[in-house]
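Peer 1: Sequence:
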Amino acid sequence: MPPMLDDYAGVRVLDVSQGFAGPYCGAILARGGASVIKVEPPSGDWARAIGGSVDGHTAFSLVPNIGKRAVCIDGTKEQGRALLTKLAKGADIVIQNFRPGVVERLQIADHQLRPENPDLIYVSILGFGAGPYEKRPATDTIIQGFTGMMEMNRDAQGTPRRIGMLAVDTAAGVYAAQQVGAALYRRLTKRGGQHVKISLVEVAAAFQAMPIVDDALRRRGQPNVPLSVPIGTFATSDGHINLSCVSNAMFQGICTALGKADWILDPRFATESSRLDHAGEITMEVARILRTKPSKYWIGAFERQDVLCGPVQGYREFLDDPHVRGSGLQATCKAAHSKDCPLRCFPEARP
Numbered sequence: 001m002p003p004m005l006d007d008y009a010g011v012r013v014l015d016v017s018q019g020f021a022g023p024y025c026g027a028i029l030a031r032g033g034a035s036v037i038k039v040e041p042p043s044g045d046w047a048r049a050i051g052g053s054v055d056g057h058t059a060f061s062l063v064p065n066i067g068k069r070a071v072c073i074d075g076t077k078e079q080g081r082a083l084l085t086k087l088a089k090g091a092d093i094v095i096q097n098f099r100p101g102v103v104e105r106l107q108i109a110d111h112q113l114r115p116e117n118p119d120l121i122y123v124s125i126l127g128f129g130a131g132p133y134e135k136r137p138a139t140d141t142i143i144q145g146f147t148g149m150m151e152m153n154r155d156a157q158g159t160p161r162r163i164g165m166l167a168v169d170t171a172a173g174v175y176a177a178q179q180v181g182a183a184l185y186r187r188l189t190k191r192g193g194q195h196v197k198i199s200l201v202e203v204a205a206a207f208q209a210m211p212i213v214d215d216a217l218r219r220r221g222q223p224n225v226p227l228s229v230p231i232g233t234f235a236t237s238d239g240h241i242n243l244s245c246v247s248n249a250m251f252q253g254i255c256t257a258l259g260k261a262d263w264i265l266d267p268r269f270a271t272e273s274s275r276l277d278h279a280g281e282i283t284m285e286v287a288r289i290l291r292t293k294p295s296k297y298w299i300g301a302f303e304r305q306d307v308l309c310g311p312v313q314g315y316r317e318f319l320d321d322p323h324v325r326g327s328g329l330q331a332t333c334k335a336a337h338s339k340d341c342p343l344r345c346f347p348e349a350r351p
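Residue 28 in our numbering sits at position 28 of the sequence shown, and the numbers go up by one each step.
The hints are simulated quantities; they were obtained by calculation from the structure and are not laboratory data.
Please read all numbers here as calculations on a predicted model, not as lab measurements.
A portion of the hints provided could be inaccurate.
[Claimed, not checked] Mimicking SDA-like on lysine to any residue, the simulated pairs with C-alpha atoms at most 20 Å apart in a straight line are:
| # | residue 1 | residue 2 |
| --- | --- | --- |
| 1 | LYS89 | ASN117 |
| 2 | LYS135 | GLY19 |
| 3 | LYS86 | HIS195 |
| 4 | LYS89 | ARG12 |
| 5 | LYS68 | VAL174 |
| 6 | LYS135 | ARG99 |
| 7 | LYS296 | SER237 |
| 8 | LYS68 | ALA9 |
Construct the entire structure; sequences and hints are all you get.
Peer 2: As structure tokens, this is what we get:
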């Protein structure tokens, strides 16, 4: 198991959320030392059925629930609702991500708990949030499409694509945990509890702040301008590498590594702005040269010139990388009774 911290030692969390965003917030708090009780209905968290399952576990359900104590409570029965209310009234933090009206039926809505627990930090992770679409169901994919994230990620044929992971849900869990930390400080300074409300829509908007602003600054119909030239993912003779040029000195290093010393003296490529004017020519020639040798060769050549570069790896290559194995970035957990699973430590919780 990854190491646990003690920053939140003594903090009691009741996590009644399901899926990924809410539970991931709870997992971050658990990794920080909080005591987190995860409540599941008799049918189990629906995340258990998403993706490949082994003995009732999937990556979807495992990752956001490590470090918690799980209990099964039937909220459709009066006895179950009474137990939920008792746990919530004794908690420092409650996390929920139900659609409007559900927590009221379970008798654990913020306004139902606060009279007896005024210092409660109540976390609601919503789909669309307040507004005309408040009651619409939302998932990571729905929100990626709604907020422009898929439009930004079009394929070569122009078809919008979702980012191939739970980008919005993961960011929502991180933002929520961040707000919980602020709310705990607020409570520590004798300003009481707080109802923290975070919607997936506002999370996706905040996560995409830079491209949204960039789009607003460009005239409608104007094409995207690369951040610099050359930049991007390039094919080599045996794979792909990422290359990024962020200064004139780095461009000169790229020229040296590629054997294009004549570019250094070419006035068309003398400044970052002039290179943008010739982005197509530069990119095509860089791509042609990089295809002639393997990734390892080019990474070594660019590193000797202090150029930003790196390999494009799969997860197995990443986990087997000497840096990952030697720096404490990875730990393992037992899942599905006996299977060892790699589990990425949170940045603040390394050994």
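Peer 1: When the structure is checked against the list of hints, which entries are broken? Sort them ascending.
Peer 2: none
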